[in-house]
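Here's the letter readout for the chains.
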Amino acid sequence: MKLLSLTVDQVRQFRAPFTLDGLAPGINLISGPNESGKSTLVQAIRAAFFERYASSSVDYLQPWGDSSAAPSVELLFEAQGARWHLRKRFLKKKRCDLTIDGQSCSNDEAEEKLAGLLGFQFAKKGASKPDHWGIPGLLWVEQGGGQSIEAPVSHASEHLQSALNSLLGEVASSSGDDLIQQVEQQRQLLLTAAGKPRGEYAELATTCSALEGQLDDLDTRIRHYRERVDRLALVQTEHRRAEQERPWESQLQEADKSARQLAAIEQEQRELQRDEDQRRQTEATLQAYRDQQAQAHRQARELQQRKVAEADAEAALETLQQASEPVQANVAAAQQAYDNAARELQQAREWERRDGLEKALQQATEQLAEGLDALQRAEQLQQSLAGVRQALGELRIDEAVVEDLEQLTAELTDTGIRLEAIATRVSYQLDPGVSITLAGEQVSESGETLLTDATRMSVPGVGSFEITPGGTDINALRRTQSEQQAAVASLLAETGVSSLEEARNRAREQRRLAEDAKRLDAELRAVAPGGLDLLRERHAECARQCDTARQQLQALPAAAERTGPSPDVEAAQQTQQDAAGALKAVEARREAHQLELSRAEVRLDSARTEVKQLANTLAAPEFKARENELADQLLRTEQALAACLERIERRQREIDAARPDLLQQDIERLRSSATILQETHQKRAEELASLRSALQSEGAHGLEEERATLENNLQHNRRRHAELERRARALDLLLSLLTERRQELTRRLQAPLQKHLDHYLGILFPDAGLQVNDALVPEQFQRKGELGRFADLSFGAREQTGLIARLAYADLLQEAGRPTLIILDDSLVHSDRERQGIMQRVLFDAARRHQILLFTCHPENWQGLGVAPRDLPALKLGTAGA
Amino acid sequence: MPRFIHTADWQMGRQYSRFESDDAAMLVEARFTAIERIAELANETACDAVLVAGDVFDSQTVADRTLLRVFNAMAGFAGPWVLLPGNHDAALSESVWTRAQRLQAVPDNVILALSPGVYPLPEQGLAILAAPLLQRHTYDDLTAAFDTLASEPGLLRIGLAHGAVQGLLAEDIDSANPIAPDRVQRAQLDYLALGDWHGMKSVNERCWYSGTPEPERFRDNDPGYALVVEVSSPGEVPDITPHAIGRYQWQQRRQEFTVASDLDVFIEALQQVSEYAVLELTLAGQMSLADEERLAQALRQAHARCRSLQWNDSDLRLLPTEDDIANLHADGYLEDVIAELNARQAAGEDETARDALLILASLLRERQPVEGVKA
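Chains as they are written, first to last, in the UniProt record's numbering: chain A, 1 to 882; chain B, 1 to 375.
It is worth saying that the hints were derived from the structure and are not from the lab.
Just so you know, nobody snuck in bad clues.
Residues on chain A that point at chain B, a partial pick, calculated with CB under 8 Å: (1) A233; (2) R729; (3) L733; (4) L737; (5) L738; (6) R741.
Ideal Cβ placement from N, Cα and C applies to all residues, glycine included.
Let the hints inform the model, and build the full structure from the sequences given.
See the structure below:
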């Protein structure tokens, strides 16, 4: 594809028609500063192709502030060996006209032809978006978009694929990719991504194993049921046999026989027991006789012993009798000493008492005198106090009344003064000798009178004047005055005084007397703290004490003449106590001696009696006769015992031979066997009943039919499971085959692209490798043996690589006979000078195959490109040669 | 002239796990219908009695309802029915029979021959010598007792037994419940009614297996009959007439597809199947994808028509033809995939490759425009 000329009118800053023509088949470098309209031209080209002429979303094309403008773009280009002339007007009088080698079409038809030529789509609604742009979206790089490659490639993917397909022929499948998706979806219904069953398929396995479990349970129940049926038959047979044979009865008969034998032996055992009893009795009798014989021998020996004891007792008594006399003497001496000490103590105590009484009497007498003084003084004070109190009682004037009186008098005085102040003052200065009558009084010379009442003034020879004092208050004041006067008089009368002065004097007198009374009272309290009565009582008590002491003294026996100092009572007491102790000790000794003496006498007495008694007994004739009889009885008893022992031995032999223990065991054994047999029989009957009832209830469940139903269900599920399993396997196989083939195909498809990519990469990064993925997007970058992702390269490197990738796509498309036009708007601004240089080589190389429009605001960066820049401002002015 | 029906092996309570549940239910139902038909037949042919030679019930523990329904189904014939316990319903100490008695399900005209011995039916002129199975299996010939069993003179001596006549059926050698082949002669029987073999079979002129009245398996041995037996007088050779009772025809077929016309013949045959057919097909050989589609279509239609249709096509190979591939628009690598699947199929792997091929074909078919529009 080769763009020949471009004309814009009413497009942004191009308000007037502007034509860019003379475009070269290779590189066209269009330069201009910012805002000079480079990007507008790019936009105009994009709009001419991508936007529908009828679209209302292209108002950005209008010049600023001119909403009536109808932006139009006109393009002339060669493609597919024909000359294409495209005219498109937007927003106002919208149209699209296309002439291909003289054949015209317009509007929608024209637009479809364009889309088919270049490989893009129109937006169904609104503005065209990147995913509609297809091949041009990949080859026309917008400002700052060079590094991003994945999205543009994916948008162009369909066209790229079809270009590749047309290169390779019919290796691709028209419906293969959709089919893979379908198979995948169907496989997903049955299997997870990891190949595990899911959904119904997984549930069926669970259901089957659950059903198998139930079936197992049921089989077990059926087996038990059958076993019990067999058991029932067996038990039934046994039961019937036992019912006929009744084996426990023969056992019971055997047991009875043994019981009878045992009874006979037990009778023998009882006889033996009786013989044993007799033996024990005889032995006891024999022992008694032997004991009696021994007793007689013992008595003879005892008599000798008793005689020795009698002699011993006599000797002891004699010794004691000899010791009696000195003991008695000691007691008498001690008694004498004690009596003396007691007497002396009595004497000492009497003296001590007398001294005490005398001292108390003296003290009481002194107290009596003191008490009398105090009493007299107190009585005197009491009397004075009574006098003062009586005077006080007579005075009796209330201090408050005096104060009231004072106040009333003062108010009265005040009223008088006020009356005087407002009274009519009559001053007169009469000529000598002249007098007048004023208020009935004769006045002369000069003076002054205050009038408070209407007053008549008579001037002799003249007549009389009635003077009435003016002012309103005077009468009120006068009334007040007379009320106050009445109140004062009333208070005075109440208090019983004639004047205020007197009242004051009496109040003062009253206060003085009160002071006196207080003082006297204090003195009285000092003399008689507990009151006068208590004082009197104490005095009387003191007098009584005096009397008592005196009487006690007189009651004492007349004092012996005292020689020397008073005896010490304490010492006397000690002596007396010592003497009493000594007396007690010797008396105790005497008593003990006496006791010993008595005992010795008793002992002797009893010893003599015993000797006498025993001697008498032994000497008696019955004693001898008894001895002989005893010997006789001993002999007879010994013979009876021997006979008894012989019997016992015989019986024991008989019993031992019969083995009663075994007989007892036999009875137990046989009876227990019978019981067990009966119990077994009973249990069998019970088992029969229980088996029957269990089988009946179990049978009612229809186990085997239930099992068959369950089996049906299980088989059904298993069949379904097997079907799904087959299907899952088949889908799995199909998917893997399809995917495998698809990948193989992709690898084949990628080969031509890779070839072009390697061509440019060799110029830019010698010894580097760049691999594209299934979607034909550069993915892996390889340099000096290191492997990395394309996305991880630096921005600049990605921009450069993105550009060469685009050039490779363009080569591929061209090979497939597709139109290619490369538009770069300010590309490679992130490249350093060196890379910029290399990229110029790359572009120059690509321009030999493709037309390239390169817009830039840095023409100096592209000086090595081998073409002259076309300055856009100059072109606009028409100053540049075209 | 005593006349009676000989039937056996009702196997009531049997279920069919191999079929879909609604089909299975219909087959179960057919067994009840068979009893009703036997009752009708007894009336129509003026029979004196019905003798059932064992295996009335398929198991000892059938559901109560089944048990009651069996006796209800017999209500159509008021004459005596003699039921013999077989190996499936042996007269154990606790059995389906004791349960039936407990449930009071047994009508007065139904005689349960639960213990060995003679069951005289003087009014009908019959003495039934019964050899019921008292255990599930026995290795003694229970009919041996017939030799010494006396019966009232003038009555026909009719043996009723369940087991395998020795030496008659190859697979029954050493089998349980043996019956001596010369029992009829030894026991001087007028007729020996046997059960256990599910097909109708004559042992000799006086001894028959009636077979089951309603088929229940794919074994082509003449099931589905009841026998009407007529003996003019004691000692005379009985006159035996089989009557078809069974409703469903159980058929197993194997079909090999080699040439294209095989399919046409097969489809035609499929179109003829009756509604009472129970079919099991084994399909083998090879065919194109297009033919496979025709076959599937025919099978679907037949399946909708007959009682049950099951087929196994794991031996059927698919051979996609060029036409197939063209019709399916299987271009590009899809063609490779089809070839690969085909190769795997040929290599005799399991049916997975074939299934995958079918899925692929069906997916591709779905993508094609409907035929009418295509034209």
